[in-house]
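> Residue numbers (our numbering), protein chains in the order written: chain U, 1 to 328; chain V, 1 to 250.
Derived by calculation from the structure, the hints in this document are not laboratory data. Careful: at least some of the hints might be erroneous.
According to the in silico footprint, chain U covers these stretches of chain V (three or more CB under 8 Å from chain U) [as the list claims (entries may be wrong)]:
no. : stretch
1   : 82–89
2   : 97–106
3   : 172–180
4   : 185–191
5   : 194–200
Straight line, CA to CA, 27 Å or less: simulated BS3-like cross-link-like pairs of lysine-lysine [to be verified]:
no. : chain 1 : residue 1 : chain 2 : residue 2
6   : U       : K139      : V       : K59
7   : U       : K274      : V       : K131
8   : V       : K211      : V       : K59
9   : V       : K111      : U       : K274
10  : U       : K83       : V       : K131
11  : V       : K221      : V       : K151
12  : V       : K221      : V       : K241
13  : V       : K151      : V       : K59
14  : V       : K169      : V       : K111
15  : V       : K69       : V       : K111
16  : V       : K180      : V       : K221
17  : U       : K83       : U       : K274
18  : V       : K241      : V       : K30
19  : V       : K30       : V       : K246
20  : V       : K169      : V       : K59
21  : U       : K3        : V       : K131
22  : U       : K139      : V       : K69
23  : U       : K3        : V       : K111
A short, non-exhaustive set of chain V residues, derived as facing chain U with CB atoms under 10 Å [said to hold, decoys possible]:
no. : residue
24  : I52
25  : I53
26  : Y61
27  : G64
28  : P67
29  : A68
30  : K69
31  : R72
32  : D126
33  : L132
34  : L141
35  : G144
36  : R148
37  : K151
C-beta atoms are modelled at their ideal positions from N, C-alpha and C, and glycine is treated no differently.
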Amino acid sequence: MKKRNVFFIASIFASLFVFFIASLSIGAYSKVGLYEAILYLSGHSMERVYSDIIFYRLIRTMAAFVLGIGLSTSGLTLQYTLKNPLADPFLLGISSGAILGVTLADYFGFVSYYYLYLAAWIGSLLSIGIVLLISAYFKSSASSILIAGISLSYLLSGITTIYMIKLGPKIPGVLFWLFGSVAYSTPGILYKTSIIVFLSLFFLFIMWKPINSLMLGEDMATSLGVSVFRTRFLSILIVSISTSALVAMAGPVGFIGLAAPWMARLIVGSNYGKSLIMSIFTGGLLAIASDILARVVLYPSEAPLTAITSIFGAPFLIYLTLRFKGRI
Amino acid sequence: MKSVEAIGVSYSVRSREIIHNITFELEEGKVLAILGPNGVGKTTLLRILSGIIPPSRGKVYLYGENPAKSRRFLTYIPANYNIDMYARSLDIMLAELYNGGFFYGRHDMEKIRMWASYFGVERYLDTPFGKLSSGEQKLVLLAGGLARNPKIMILDEPTAFLDISNQAKILSLIREIAEKEGITVVFALHEIYYGNVADHVMLMKDGKLMKFGSPNEVLDKDLLVSIYGIELEGFEINGNKVFLPKFSKD
Numbered sequence: 001m002k003k004r005n006v007f008f009i010a011s012i013f014a015s016l017f018v019f020f021i022a023s024l025s026i027g028a029y030s031k032v033g034l035y036e037a038i039l040y041l042s043g044h045s046m047e048r049v050y051s052d053i054i055f056y057r058l059i060r061t062m063a064a065f066v067l068g069i070g071l072s073t074s075g076l077t078l079q080y081t082l083k084n085p086l087a088d089p090f091l092l093g094i095s096s097g098a099i100l101g102v103t104l105a106d107y108f109g110f111v112s113y114y115y116l117y118l119a120a121w122i123g124s125l126l127s128i129g130i131v132l133l134i135s136a137y138f139k140s141s142a143s144s145i146l147i148a149g150i151s152l153s154y155l156l157s158g159i160t161t162i163y164m165i166k167l168g169p170k171i172p173g174v175l176f177w178l179f180g181s182v183a184y185s186t187p188g189i190l191y192k193t194s195i196i197v198f199l200s201l202f203f204l205f206i207m208w209k210p211i212n213s214l215m216l217g218e219d220m221a222t223s224l225g226v227s228v229f230r231t232r233f234l235s236i237l238i239v240s241i242s243t244s245a246l247v248a249m250a251g252p253v254g255f256i257g258l259a260a261p262w263m264a265r266l267i268v269g270s271n272y273g274k275s276l277i278m279s280i281f282t283g284g285l286l287a288i289a290s291d292i293l294a295r296v297v298l299y300p301s302e303a304p305l306t307a308i309t310s311i312f313g314a315p316f317l318i319y320l321t322l323r324f325k326g327r328i
Numbered sequence: 001m002k003s004v005e006a007i008g009v010s011y012s013v014r015s016r017e018i019i020h021n022i023t024f025e026l027e028e029g030k031v032l033a034i035l036g037p038n039g040v041g042k043t044t045l046l047r048i049l050s051g052i053i054p055p056s057r058g059k060v061y062l063y064g065e066n067p068a069k070s071r072r073f074l075t076y077i078p079a080n081y082n083i084d085m086y087a088r089s090l091d092i093m094l095a096e097l098y099n100g101g102f103f104y105g106r107h108d109m110e111k112i113r114m115w116a117s118y119f120g121v122e123r124y125l126d127t128p129f130g131k132l133s134s135g136e137q138k139l140v141l142l143a144g145g146l147a148r149n150p151k152i153m154i155l156d157e158p159t160a161f162l163d164i165s166n167q168a169k170i171l172s173l174i175r176e177i178a179e180k181e182g183i184t185v186v187f188a189l190h191e192i193y194y195g196n197v198a199d200h201v202m203l204m205k206d207g208k209l210m211k212f213g214s215p216n217e218v219l220d221k222d223l224l225v226s227i228y229g230i231e232l233e234g235f236e237i238n239g240n241k242v243f244l245p246k247f248s249k250d
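Chain U extracted, bound-state conformation (with noise of 0.2 Å):
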């Protein structure tokens, strides 16, 4: 492995292993302290008010790393699956389908954050079962998978203005929804998302090989024994139900998904193996930074995760464009 190479998978780690710390230590509530985290860490005994913040910091900072994690390693699935390099988890109607869900629960008045969870998993669940049945119908290619996708988010985001203005004064419910956070994260929501985000990260590497061979376009994958249309239909079908549930838990968070896979695709080149391991870690890295940002901008309140996430991402993703140069 080159040096450069090394440098930057250590530095990730080390970054990730900062932020933890960091975000287990920062907040609204600036008594609890590096030091305090750091107790808390040695297992020593504390304030009980104390601990119950740092708890709940680290359920976040899980949050935040289960959200990368998941949202990474499925956009680079379908970064592969659907061939396209600009492919992210929500490109096929999950989030206006999330979106939908959310907004029709809040106009019935299921207001809560359970119900709002499950409203949001419905949705996008439902909405990604239309596209794969279209796909399924008509054993399509990729783009018109994309396509299918594309104008059902389309027609969900129209039904959702629709109910949007007729929500009125109630519309604040769904807004801190859609701008994105892991704030609101319980232990047993967190817990639920993990081991779908873990289960479909083992099903995607039992798959590696197949998916990886995608990229030789399907006349030659098929020709290596690979059946195209079912590794397309079961990756998508992974990828969906992990970002559904992650939707439910932290809403719409964009670019991670799409600046994550590419910072693991430059590292570690475009072997899909390899760049599924290294983007479960870039993904932890920038939702972690993200969440951390997040809670510092507007302090002491917080910003929406998705304006984070774009406004620092993109910059960090042209840096490493122009840093890599010759790779792309």
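Here the structure of chain U is known, so what remains is to put chain V in place on it, guided by the hints.
Positioned in the frame of chain U, the structure of chain V alone reads:
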């Protein structure tokens, strides 16, 4: 030993027959060039032989097996490949290996390096595929395809888009792998004069096999004129027949 066997192969799309009842066989280590105008079904026939699409009627056997089961010793390289242009050449070649264990090992890397240096593309291993010229891309794909240790290679227009030196390079490599490694090569071709490189030539028109035999038997002026529908001029160079279109300059 018979390596490729096609018996009464036909292929239709929506009741329109594209390939009509093609039967032929090849011995191990022989090179077959398929000639014919655009749209006569050369690519379709190659895709059937590679097991990418099943024939509507008839059977194909590669070393006595169904193509769907003989993939571990088959390499297919299409003319219009739809390859991820951002992927590194090394990763493309590794993806072409495909068979083998769950992970790639040192042995796979060695095979790839060996074939890449054989084809003179070793310095492009880290280069994105899209940054290579069409000739270099073909050489990368051939290197990866050979690293699979195939017994049969099916190549769709391996000389397309290449300059004359790269064409010569690829054609002499095809001869070399057939003679040295005993690999059977089936390839589609537009340059009639390169038909001499092969052991057998197949002429196709409208999905039908018009003639199959040695280059000297098949490359017949009257037959070629009737198939391509243009006037041709014939030459003989070192006992090989060469045909070029007849141009009138005034």
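> So, for every hint listed, does it hold in this structure?
Hints versus structure:
{"no.": "1", "hint": "82–89", "verdict": "holds (count 6)"}
{"no.": "2", "hint": "97–106", "verdict": "holds (count 4)"}
{"no.": "3", "hint": "172–180", "verdict": "violated (count 0)"}
{"no.": "4", "hint": "185–191", "verdict": "violated (count 0)"}
{"no.": "5", "hint": "194–200", "verdict": "violated (count 0)"}
{"no.": "6", "hint": "K139/U to K59/V", "verdict": "holds, 25 Å"}
{"no.": "7", "hint": "K274/U to K131/V", "verdict": "holds, 22 Å"}
{"no.": "8", "hint": "K211/V to K59/V", "verdict": "holds, 20 Å"}
{"no.": "9", "hint": "K111/V to K274/U", "verdict": "holds, 20 Å"}
{"no.": "10", "hint": "K83/U to K131/V", "verdict": "holds, 18 Å"}
{"no.": "11", "hint": "K221/V to K151/V", "verdict": "violated, 34 Å"}
{"no.": "12", "hint": "K221/V to K241/V", "verdict": "holds, 9 Å"}
{"no.": "13", "hint": "K151/V to K59/V", "verdict": "holds, 19 Å"}
{"no.": "14", "hint": "K169/V to K111/V", "verdict": "holds, 20 Å"}
{"no.": "15", "hint": "K69/V to K111/V", "verdict": "holds, 24 Å"}
{"no.": "16", "hint": "K180/V to K221/V", "verdict": "violated, 33 Å"}
{"no.": "17", "hint": "K83/U to K274/U", "verdict": "holds, 17 Å"}
{"no.": "18", "hint": "K241/V to K30/V", "verdict": "holds, 20 Å"}
{"no.": "19", "hint": "K30/V to K246/V", "verdict": "violated, 32 Å"}
{"no.": "20", "hint": "K169/V to K59/V", "verdict": "violated, 34 Å"}
{"no.": "21", "hint": "K3/U to K131/V", "verdict": "holds, 23 Å"}
{"no.": "22", "hint": "K139/U to K69/V", "verdict": "holds, 23 Å"}
{"no.": "23", "hint": "K3/U to K111/V", "verdict": "holds, 24 Å"}
{"no.": "24", "hint": "I52", "verdict": "holds, 5 Å"}
{"no.": "25", "hint": "I53", "verdict": "holds, 9 Å"}
{"no.": "26", "hint": "Y61", "verdict": "violated, 16 Å"}
{"no.": "27", "hint": "G64", "verdict": "violated, 18 Å"}
{"no.": "28", "hint": "P67", "verdict": "holds, 9 Å"}
{"no.": "29", "hint": "A68", "verdict": "holds, 8 Å"}
{"no.": "30", "hint": "K69", "verdict": "holds, 9 Å"}
{"no.": "31", "hint": "R72", "verdict": "holds, 8 Å"}
{"no.": "32", "hint": "D126", "verdict": "holds, 8 Å"}
{"no.": "33", "hint": "L132", "verdict": "violated, 13 Å"}
{"no.": "34", "hint": "L141", "verdict": "holds, 8 Å"}
{"no.": "35", "hint": "G144", "verdict": "holds, 9 Å"}
{"no.": "36", "hint": "R148", "verdict": "holds, 9 Å"}
{"no.": "37", "hint": "K151", "verdict": "violated, 14 Å"}
Hints 3, 4, 5, 11, 16, 19, 20, 26, 27, 33 and 37 from the list above are not met by this structure, while the remaining hints are.
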